[in-house]
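Asks: Sequence:
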Amino acid sequence: MDAKHRIDIATPLLDWYDRHRRDLPWRAKPGETVDPYRVWLSEVMLQQTTVATVRPRFTDWTRRWPTFADLAAAGEGEVMAAWAGLGYYARARNLLAAARMIAAEHGGRLPDTEPALRALPGFGDYTAAAVAAIAFGRRAVVVDANVERVVARLFAIDVPLPAARKPIRAAADTITPAVRAGDFAQAMMDLGAAICTPKRPRCLLCPLNHACAAQAAGTPEAYPVRKPKAARPHRHGTLFWLQRGDSVLLERRPDKGLLGGMRALPTGPWSERPPLLADAPADADWRILDEPVTHGFTHFTIDLAVAVAHTGAASNKGEWWPVDRLDEAGLPTVFAKAADVVRRRA
DNA sequence: TATGCGTGGGC
DNA sequence: TGCCCAAGCAT
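Counting in our numbering, the first sequence tops out at residue 346, every number present.
Hints are computed from structural coordinates only; laboratory data are not their basis.
Nothing here was measured: the structure is a model prediction, and the numbers come from that model.
Ideal placement from N, C-alpha and C gives every residue a C-beta, glycine not left out.
Don't take each hint at face value.
[Claimed, not checked] With a straight-line cut-off of 16 Å between C-alpha atoms, the simulated EDC-like cross-links for lysine to aspartate or glutamate are:
{"id": "1", "residue 1": "K317", "residue 2": "D290"}
{"id": "2", "residue 1": "K256", "residue 2": "E76"}
{"id": "3", "residue 1": "K29", "residue 2": "D18"}
{"id": "4", "residue 1": "K317", "residue 2": "E251"}
{"id": "5", "residue 1": "K227", "residue 2": "D283"}
{"id": "6", "residue 1": "K317", "residue 2": "D279"}
{"id": "7", "residue 1": "K317", "residue 2": "D283"}
{"id": "8", "residue 1": "K199", "residue 2": "E221"}
{"id": "9", "residue 1": "K337", "residue 2": "E291"}
{"id": "10", "residue 1": "K337", "residue 2": "D283"}
{"id": "11", "residue 1": "K337", "residue 2": "E319"}
{"id": "12", "residue 1": "K337", "residue 2": "D290"}
{"id": "13", "residue 1": "K256", "residue 2": "E272"}
{"id": "14", "residue 1": "K166", "residue 2": "D125"}
[Claimed, not checked] Computed Cβ-Cβ distance ranges for the label pairs, DEER-style:
{"id": "15", "residue 1": "D340", "residue 2": "R252", "range": "17 to 25 Å"}
{"id": "16", "residue 1": "R19", "residue 2": "E291", "range": "48 to 56 Å"}
{"id": "17", "residue 1": "R165", "residue 2": "P275", "range": "36 to 44 Å"}
{"id": "18", "residue 1": "L276", "residue 2": "R165", "range": "42 to 50 Å"}
{"id": "19", "residue 1": "F297", "residue 2": "R138", "range": "34 to 42 Å"}
{"id": "20", "residue 1": "L277", "residue 2": "A119", "range": "41 to 49 Å"}
Whenever a hint applies, use it, and build me the whole structure from the sequences.
Replies: Okay, here's the thing in structure tokens:
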């Protein structure tokens, strides 16, 4: 598509954005100076996570660690606990690692170019482009799931994802302006969240409907095309609640893998069939509660039997945590659910 | 390119 | 209810 025939998307989109932009705690108001730390933190929190979930967590986080330097000086344990419940815990480890690299090697400031950002842990193509555009005003082609959807519809790109990424990015490049690139990126995302939604898009309200190939064809919901997903397998396991006095035994999970680096209740192997008391953390008079914990992860679902026992013996692994302060332990959701079951049934 | 990695809301 | 989806990254 040569320049003469390019449709000007940026002008009506930015005009729409100036009238409808959302007021979000990490977003500088018109005339305010953007804070790269806040932009970066918001982008990481928002990866695969909704604005409604992130908003209060962002406020709490920035109150506790207002700057790069504050975060770089924090301990890994407290950072992981502060992330509990947000999911994708590698994000928290990478966030801290990047903050420490910035403090040690970049004079306490985020680098302001895409390639330099891309080299930091936790920065992929999307986040590097988004921070370069939003925090530093650089022209960058910012493609997230919203932009994929909007662009796939604008140009009626019918290649199934993920192969569609390349043509979508090329098309996004043709409509990205040289100025206000950060606003343009945020406008595309606001449009995707409010107007160009996955189901029942509000095309009558869309500032780009005159230029949209999918809307012209009457089939906006058909885009983007996706390959069918594999069914999620179902697994079983056992989770151990070992109590000594008023405290329960917690472990820290290995850094890599599922729920990596997070505090947890001990669990046995997770497999096709219930393993019951395999891998119990102690010899004890275990009792299996009649209500299991059910939980869905991205790629499998699981039923966990809850085994409960009391002991007087010390344990050489893990930590004994007061049961009445368990909400301060920073447990991932599956273990917080288990604690609820024990409270009700044990 | 495919897979592993959480969680909560919408329908 | 169960499935879909979301401001992706690492390997």
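Asks: Hint by hint, say whether it matches the structure.
Replies: Now for the hints, and whether the structure bears them out:
A distance of roughly 28 Å separates the Cα atoms of K317 and D290; the hinted pair therefore is violated under the 16 Å criterion. For the hint linking K256 to E76, the alpha-carbon distance of about 14 Å falls within 16 Å, and the restraint holds. Taken as a hint, the K29 and D18 pair is honoured in the structure, with Cα atoms around 11 Å apart against an allowance of 16 Å. For the hint pairing K317 with E251, the CA-to-CA distance comes to about 7 Å; that is within 16 Å, so the pair holds.
For the hint linking K227 to D283, the alpha-carbon distance of about 48 Å lies beyond 16 Å, and the restraint is violated. Restraint check for K317 and D279: the C-alpha separation of about 14 Å stays at or below 16 Å, so the hint holds. Simply put, K317 and D283 have alpha-carbon atoms about 14 Å apart, close enough for the 16 Å limit, and the pair holds. Of the supplied pair hints, the one linking K199 and E221 holds, its CA atoms being roughly 6 Å apart against a limit of 16 Å.
The hinted pair formed by K337 and E291 meets the criterion: a straight-line CA distance of about 11 Å does not exceed 16 Å. The hinted pair formed by K337 and D283 fails the criterion: a straight-line CA distance of about 24 Å is larger than 16 Å. Taking the CA atoms of K337 and E319, the gap is near 20 Å; set against the 16 Å cutoff, the hint is violated. For the suggested pair K337 and D290, the alpha carbons sit about 15 Å apart, so the restraint of at most 16 Å is met.
The hinted pair formed by K256 and E272 fails the criterion: a straight-line CA distance of about 22 Å is larger than 16 Å. Restraint check: the Cα-Cα separation between K166 and D125 comes to about 13 Å, which is no more than 16 Å; the hinted pair holds. At roughly 21 Å, the beta carbons of D340 and R252 sit within the given window of 17 to 25 Å. For the pair R19 and E291, the supplied restraint of 48 to 56 Å holds, since their beta-carbon distance comes to about 51 Å.
As the Cβ distance of R165 to P275 is approximately 40 Å, the hint placing it in 36 to 44 Å holds. Against the hinted window of 42 to 50 Å, the Cβ-Cβ separation of L276 and R165 comes to about 45 Å, which satisfies the hint. As the Cβ distance of F297 to R138 is approximately 37 Å, the hint placing it in 34 to 42 Å holds. Judged by the Cβ atoms, the range 41 to 49 Å given for L277 and A119 holds: they are separated by roughly 47 Å.
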